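Read top to bottom, the protein sequences are chains X and G. 211 is the number that my numbering gives to position 211 of the first sequence; each next residue is one higher, with no gaps. 289 is the number that my numbering gives to position 56 of the second sequence; each next residue is one higher, with no gaps.
No lab work stands behind these hints, which were simulated from the structure alone. Keep in mind it's a predicted model, so treat the numbers as computed, not measured. Glycine included, C-beta positions come from ideal geometry on N, C-alpha and C. It is possible that some hints are incorrect.
With beta-carbon atoms standing in for the labels, derived distance ranges [claimed, not checked]:
{"no.": "1", "chain 1": "G", "residue 1": "Pro-348", "chain 2": "X", "residue 2": "Gln-61", "range": "41 to 51 Å"}
{"no.": "2", "chain 1": "X", "residue 1": "Ser-97", "chain 2": "G", "residue 2": "Pro-282", "range": "31 to 41 Å"}
{"no.": "3", "chain 1": "X", "residue 1": "Leu-197", "chain 2": "G", "residue 2": "Val-430", "range": "44 to 54 Å"}
{"no.": "4", "chain 1": "X", "residue 1": "His-101", "chain 2": "G", "residue 2": "Ser-271", "range": "24 to 34 Å"}
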Amino acid sequence: MAVLISLSLSDMLVTALVMGRMISPEYFSFLVPGIVTVGLFTAATDTGRRIWLALREGVVQYYMTLPIRTSGLVVAYIISGGLGGVVYSSALLIIASFAVHPHNILNAILLLPFMFVLATGIAGLAAFFASISRRGEIYWVYAQALQVTLVTISTIFYSAQTISRYLPGPIATIADYNPLSLAATALRDSVFSGELLNTTLLSNLLATSLPLAALGALAYWVILRTLRLRGKP
Amino acid sequence: MNRVLNLAAFNIRVLLGDPTWFILSWALFALQLAVYGSLISRLVGSNLPNYFFFYSIGLMIIVVFESAEDVGRHFVEHAHEGELPYFLSLPVSRSGFLVAQAIYGVVNTLVKVAPPLLAVLFIWGNLTVSGALFALAALFLLGLGITGTMVSLSFIAFKAVDIYMAVLAGLSALLIRFSTVFYPLAIMPNYYSPVSVLSPLTYGADLTRWVLGFDPKYLLNPVLAAVVVTAIAVSTLSLSARIVDKIIEGVKAA
Numbered sequence: 001m002a003v004l005i006s007l008s009l010s011d012m013l014v015t016a017l018v019m020g021r022m023i024s025p026e027y028f029s030f031l032v033p034g035i036v037t038v039g040l041f042t043a044a045t046d047t048g049r050r051i052w053l054a055l056r057e058g059v060v061q062y063y064m065t066l067p068i069r070t071s072g073l074v075v076a077y078i079i080s081g082g083l084g085g086v087v088y089s090s091a092l093l094i095i096a097s098f099a100v101h102p103h104n105i106l107n108a109i110l111l112l113p114f115m116f117v118l119a120t121g122i123a124g125l126a127a128f129f130a131s132i133s134r135r136g137e138i139y140w141v142y143a144q145a146l147q148v149t150l151v152t153i154s155t156i157f158y159s160a161q162t163i164s165r166y167l168p169g170p171i172a173t174i175a176d177y178n179p180l181s182l183a184a185t186a187l188r189d190s191v192f193s194g195e196l197l198n199t200t201l202l203s204n205l206l207a208t209s210l211p212l213a214a215l216g217a218l219a220y221w222v223i224l225r226t227l228r229l230r231g232k233p
Numbered sequence: 234m235n236r237v238l239n240l241a242a243f244n245i246r247v248l249l250g251d252p253t254w255f256i257l258s259w260a261l262f263a264l265q266l267a268v269y270g271s272l273i274s275r276l277v278g279s280n281l282p283n284y285f286f287f288y289s290i291g292l293m294i295i296v297v298f299e300s301a302e303d304v305g306r307h308f309v310e311h312a313h314e315g316e317l318p319y320f321l322s323l324p325v326s327r328s329g330f331l332v333a334q335a336i337y338g339v340v341n342t343l344v345k346v347a348p349p350l351l352a353v354l355f356i357w358g359n360l361t362v363s364g365a366l367f368a369l370a371a372l373f374l375l376g377l378g379i380t381g382t383m384v385s386l387s388f389i390a391f392k393a394v395d396i397y398m399a400v401l402a403g404l405s406a407l408l409i410r411f412s413t414v415f416y417p418l419a420i421m422p423n424y425y426s427p428v429s430v431l432s433p434l435t436y437g438a439d440l441t442r443w444v445l446g447f448d449p450k451y452l453l454n455p456v457l458a459a460v461v462v463t464a465i466a467v468s469t470l471s472l473s474a475r476i477v478d479k480i481i482e483g484v485k486a487a
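So that you can see chain X by itself, here it is in the shape it has in the complex (with noise of 0.2 Å):
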């Protein structure tokens, strides 16, 4: 945890203030709730980690061995994603408050829910990754492209405007529709800029994490039915 938020903080604090000098001063509080968005990932994302060791150390046969249903593991695992990465960039937003002067502070609190569900739905993709890893360490393949290319194509670093100008429309759409860039995008509107709540973004925020969460969590319980069936994933 210490080393994760030493990772933001040096993000918000170093990066995001030298590309403010160097591109516009606004710039920095532009980026400074995009570095809260990926504080998230990468607290989700530990998921599929823990999920990927204990598949790999035999640490899941222990697992299987508790007195709780298979469907309840995945589920522990899918919610401690989630908590993980609200947990986390709720410290980073607090953090952040101090850098950029936050303009409704009730909408940061209304806003945890959606990031709760968004974590779900990261920490599914990654849980995901993690048991369709059968060899070595494809997982740390899967993971570094997944995060690469979320953040990337994302608004987190620009705007969807500057993308849909110099990129071809694809990869504007690809971006507008990331859960990473409508998280990014809800917390500078509704925290930063004190609008109202964007409730058409949130339902897309809702519609892009389920699916993820949901397929995590389907990806993960088949793994665990194999292994109780199989001996071995």
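Got chain X; can you put chain G on it based on the hints?
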């Protein structure tokens, strides 16, 4: 010497046997350059002319850094999984073992960084044999320095792997953020620039940019950069040679 080369060749065969990491590295490099690089360079505009090129070299420095970090992690994994005692039992001296690791690291770095470098220079219309060779030499020296640092830090892993991983993550964050990998020293606030000159990546990045013809007014003195990069490579490799020679016997990463 033949034994050292055999050991290095064995490690390299294992490395090249799985091209997934190389393909991933090249693909992510291309994606970041095509999306992040092109968009941010437009936002930066005339505040830093040619930022796209500046950023592409920075991205290569990150590839070199991660590749060198990978060698350190590889070394620790050998200890963690009990392979290190086997390697130490081979009829190869301790320094020979370190040389084999270094050759493995150089090949890993070159395979990951050479295609992106050549592609960027080609797209930029700046591809010359001398430019590419000097840039690779600068990146190679930087890679050796980072590898030496990572292997030197491996003694932490002999106490606790988790602490080693945490130290690596924290150190990487500091070395990269407080360096000129993504922004020049001239643009940094005064209170950050003294920290930035402590990062070896600052010297490696500016030296490579200078070799490739980036506007020198945004870069450190190239002679100073070359001296520092060489000194770091020599000193950290000497330190890691000492660690391999004295501390490594009988250890197993916790």
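Check the following: the C-beta atoms of X:Leu-197 and G:Val-430 are separated by a distance inside 44 to 54 Å. Since the Cβ atoms of X:Leu-197 and G:Val-430 sit about 46 Å apart, the hinted range of 44 to 54 Å holds.
Can the suggested window of 24 to 34 Å be confirmed for the beta-carbon pair X:His-101 and G:Ser-271? Hint holds: Cβ distance 32 Å, inside 24 to 34 Å.
Should the hint that X:Ser-97 and G:Pro-282 are 31 to 41 Å apart at their CB atoms be regarded as holding? With a Cβ separation near 36 Å, X:Ser-97 and G:Pro-282 satisfy 31 to 41 Å, so the hint holds.
For the hint 41 to 51 Å, verify it against the beta carbon of G:Pro-348 and that of X:Gln-61. holds, 42 Å
Every hint, counting from the list given before, is met by this structure.
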